[in-house]
Amino acid sequence: MGKVSKLKLAVLISGGGSNLQAIIDACNAADYPAEIVLVFSNQLDAGGLERGRKAGIRAEAIPHKGFPGGREAYDAAVSTLIEESGADLVVLAGYLRLVSESFVTRWKDRLINIHPSLLPSFKGLHVHQAALDAGVKFAGCTVHYVVPEVDSGPIIAQAVVPVLPGDDAGKLAQRILKQEHRIYPQVIRWIAEGRVSVNDKGIVTVADAPQADFAEINPALEPG
1 MGKVSKLKLA VLISGGGSNL QAIIDACNAA DYPAEIVLVF SNQLDAGGLE RGRKAGIRAE
61 AIPHKGFPGG REAYDAAVST LIEESGADLV VLAGYLRLVS ESFVTRWKDR LINIHPSLLP
121 SFKGLHVHQA ALDAGVKFAG CTVHYVVPEV DSGPIIAQAV VPVLPGDDAG KLAQRILKQE
181 HRIYPQVIRW IAEGRVSVND KGIVTVADAP QADFAEINPA LEPG
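At position 147 of the sequence shown the residue is numbered 147 (this note's numbering), and the sequence of numbers has no breaks.
Just so you know, not all the hints are guaranteed correct.
As the list claims (entries may be wrong) - Here are the simulated lysine-lysine pairs, DSS-like style, with alpha carbons at most 30 Å apart:
1) K54 to K171
2) K65 to K8
3) K123 to K108
4) K137 to K65
5) K137 to K201
6) K178 to K6
7) K123 to K54
8) K8 to K171
9) K6 to K65
Claimed, not checked - Cβ-Cβ distance ranges computed for the label pairs, FRET-style:
10) D45 to P68: 18 to 24 Å
11) F67 to I217: 45 to 51 Å
12) A209 to N28: 18 to 24 Å
Please keep in mind that the hints were generated in silico from the structure rather than gathered at the bench. For every residue, glycine included, the Cβ atom is placed at its ideal position computed from N, Cα and C.
Kindly produce the complete structure, drawing on both the sequences and the hints.
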């Protein structure tokens with residue numbers, strides 16, 4: 001019996017790579033239908049590069065500062081590296097650099113991102129503080145396909161956490177991050193299994209996925 005082909009991933013990072021580690025851990029399971037073929041960073045000292053190397057994964061970095069030719073030329077160089085790796089899906093996992101429209105076009109429908117808010121609310125940076133400042137009672141994270149508009153694109157999955165009294169941006173970020181580590185590997189599995197589809201209105205359906213059946217209220221209702 002021949003070896004089952006796995007979806008090949010290029011994971012792009014800028015920092016420590018905790019989401020990368022969650023994906024590495026998922027890929028270590030024999031039945032997981034994806035494998036990482038490249039870890040890439042725009043920062044030479046990104047901690048996630050070492051995570052990749054320890055896992056036996058090719059890890060490369062190209063500093064973006066001072067790169068000749070600007071953003072388009074830089075992203076073309078990144079695309080070349082991804083193509084050489086044989087990756088089928090580009091996974092942005094804390095890649096703190098805006099990608100060019102040409103990059104998005106090159107990897108259309110093969111480029112996903114995780115954002116630490118319940119999109120379309122709180123796009124951009126400093127989203128945890130923005131959620132606290134808005135007084136929302138729930139926050140969370142979103143995995144979505146990438147389109148040229150920042151933090152937009154078809155939403156594949158979201159995870160929700162409560163905002164609690166005494167939260168600061170750091171506490172809320174950690175609560176959300178735990179859920180990021182759960183849903184990102186799951187979404188990659190769905191894509192690898194060919195279960196994710198997007199209709200002409202940009203609405204995502206995941207075939208045969210269990211549906212959430214709950215209603216949470218925060219602060220919770222009192223009994224009686």
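For each hint, the structure was consulted:
{"no.": "1", "hint": "K54 to K171", "in the structure": "holds, 29 Å"}
{"no.": "2", "hint": "K65 to K8", "in the structure": "holds, 28 Å"}
{"no.": "3", "hint": "K123 to K108", "in the structure": "holds, 20 Å"}
{"no.": "4", "hint": "K137 to K65", "in the structure": "violated, 39 Å"}
{"no.": "5", "hint": "K137 to K201", "in the structure": "holds, 29 Å"}
{"no.": "6", "hint": "K178 to K6", "in the structure": "holds, 26 Å"}
{"no.": "7", "hint": "K123 to K54", "in the structure": "violated, 33 Å"}
{"no.": "8", "hint": "K8 to K171", "in the structure": "violated, 34 Å"}
{"no.": "9", "hint": "K6 to K65", "in the structure": "violated, 34 Å"}
{"no.": "10", "hint": "D45 to P68: 18 to 24 Å", "in the structure": "holds, 21 Å"}
{"no.": "11", "hint": "F67 to I217: 45 to 51 Å", "in the structure": "holds, 49 Å"}
{"no.": "12", "hint": "A209 to N28: 18 to 24 Å", "in the structure": "holds, 23 Å"}
Violation of the numbered hints given earlier is confined to hints 4, 7, 8 and 9; the remaining hints are satisfied by the structure.
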